[in-house]
Amino acid sequence: MSTTTTQPAPTGHQKLTMAQALNHALRDEMSADPSVVVFGEDVGALGGVFRITDGLTAEFGDTRCFDTPLAESGIVGMAIGMAMNGMRPVVEMQFDAFGYPAFEQVVSHVAKMRNRTRGAVTLPMVIRVPYAGGIGGVEHHCDSSEAYYAHTPGLQVLTPADAADAYGLLRAAIASPDPVVFLEPKKLYWAKEEVDLSAEVPGIGRAVVRRAGTDATLIAYGPSVPVALEAAAIAAQEGRSLQVVDVRSIVPFDDETVAAAVRSTGRAVVIAEAPGFASVASEIAARVTERCFHSLAAPIARVTGFDIPFPPPKLEHFQLPGVDRVLDAVDALQWETS
Amino acid sequence: MPTAVPVQLIGPDGERVATSARAMPSDADLVRAYTALVAARRLNDQAYALVRQGRLAVYPSSHGQEACQVAAAQVLDAADWLFPTYRDTAAVVARGVPAGEVLVLLKGDWHSGYDPYTHNVAPQATPLATQLLHAVGVAHAARLRVEPTVVLAMCGDGATSEGDFHEALNFAAVFRAPVVFFVQNNEYAISVPLARQSVAPSLAHKGIGYGIRGERVDGNDAAALLTVLGDAVTRAREGAGPQLIEAHTYRMQAHTNADDARRYRADADVAAWEHRDPLARLSTYLRGRGLLDDAGQQVADAAAEELAAGMREELFRDVTPDPADLFTHVFAVPTPQLIEQSAVVADEQSREGALR
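Chains A and B, in that order, are what the protein sequence lines are.
The first sequence begins at 1 in UniProt numbering and counts up by one.
The second sequence begins at 1 in UniProt numbering and counts up by one.
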């Protein structure tokens, strides 16, 4: 294995976009562990179509970060073999819908290898997937595909909503002994914020309360978290206190944090871009209902995408759960009139 | 360019083919292969019987293809890797994995019954051609670490129609991965004949499109297989990149015992292959050269019978699978949800126990 000179590990607070934070996470893991390899389509010289792998080939060499032929099943299948043989591959599916050709490899092998072999063969690998809408993307570029992965036992499914979590969760994903589908909300790639790169890496499987509130709980993940926070800010001006929970880890799911949050308010709205039928949002609503029924003042509401193929750019705003739709759902949570 | 005629060193009559320029394996290698062939045939027959006795759920037999099975295992070094399919049980056993462990899958106690790292044998693949990409990954990782590992990846003629076959050959070629792709063309994908899979001049010709050297070999000639596969392994190890070998053989039995081959092929078609049997051919050759006699045959038969007895012992041993295992190997650390679900099953079990 060739080792190349590495930049000193960044420390302390930095103003970073989510894209830059992800890049830092890859760089730091590649520096820390020579078995980490990054590959996919256009991830080499170009640095990825979203520049997440920018500079990695230059810094670590083309055996550590390299372009592959244009074939997603090939990318994931080869990653499986490399993970079987001592490597920790991090592969990129260029867009959500472009990951579908790899579906058989993901479902039949990535998710099952540990189980099939009773733990003899484990697959420490990460499949990065830029996902969801809100960027004016044309067809096949804006799917919210989390339910397919979350429904498959054996996969961990993570989705950060800010740069700090993007950094911490990607590092945790790469270090994990089990495969991770890492869903990156495209529309948040360029949001800039203060990130503490020396902060402790958040553990996989923990949700977080992003905003305290007492009247109702908004449960969101990935691209819907900023929508929930904005809705909560507006509601606060109108005298209603909304709590916001960021799920972060779809699998494993943090029932404890989510249920405790909902019990504290007695009302909840689940927000997600994906079509609502048979969705992660539906699963969350069911789980919360089972655990919090006697604390609930109203049925759990869901604000999700409609059950339609993702619309063209000029119509996508009708599909994406927006602040108004969230606040309407909150208004409908059977408030006692005074 | 693959040759018009598959490489053959010993003809169906057991005589050395005078026209072939390829080297004959050593006498010792041929005798070793013959012993393994006898064992592989016995394994196939015993497994078939165990299905009828209800001890195996199903068995996809390699009866008639044993020369391919044995040669695939014999040409590899200990540090090399073998990627078998569900029909390659005999190859896995020839590589050294205990038959009882291999048959756990078909017995139904668990999925893969052996630790792949013990003999560098991947779990037997059921989804066609998917394992070929894993083979490329194993080979590429080894190459990055400058290890001399070669990976031999097996598939059938039907699998060459799958997208993953194409992607695996292309990836291996682009990365110069040391993989020998070994296609056992046994003429049938369950019921569908080769003519419905491909109109290429041969399956070995498919290598041309990827810049991979393709070769055809008589799949019932153990000598030719040892030479052709052995040379391919050597070329891959020396850095020549991936190799594609097509062995022409025949599935003498139905797809599995659950299949009825008479619905799609005539008995006469099968009979036409009987005189090409790989065991009889090598036996005739070895006896003609004084390398095998009745005593040698008895030794091989005794070893095969010991294997069969071991299989019977393993498969008639009833194992009560532990339902707790259902949840143990999903993640390194079970999720809170799996811990809850495991408790549900444990509770059901304890109540069932109380009723008894």
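These are computed hints drawn from the structure, not numbers from a lab.
The beta carbon of each residue, even a glycine, is placed where N, CA and C say it ideally should be.
Check each hint, because a few of them may be wrong.
These stretches of chain B come out as covered by chain A in the derived footprint (C-beta under 8 Å, 3 or more residues) [unchecked claim]:
no., stretch
1, 89 to 100
2, 115 to 125
3, 142 to 153
4, 189 to 200
Each hint tested on the structure:
1. 89 to 100: Violated, because only 0 residues of the stretch 89 to 100 of chain B bring their Cβ atoms closer than 8 Å to Cβ atoms of chain A.
2. 115 to 125: holds (count 5)
3. 142 to 153: holds (count 3)
4. 189 to 200: Coverage by chain A is violated here, the residue count being 0 at a Cβ distance below 8 Å.
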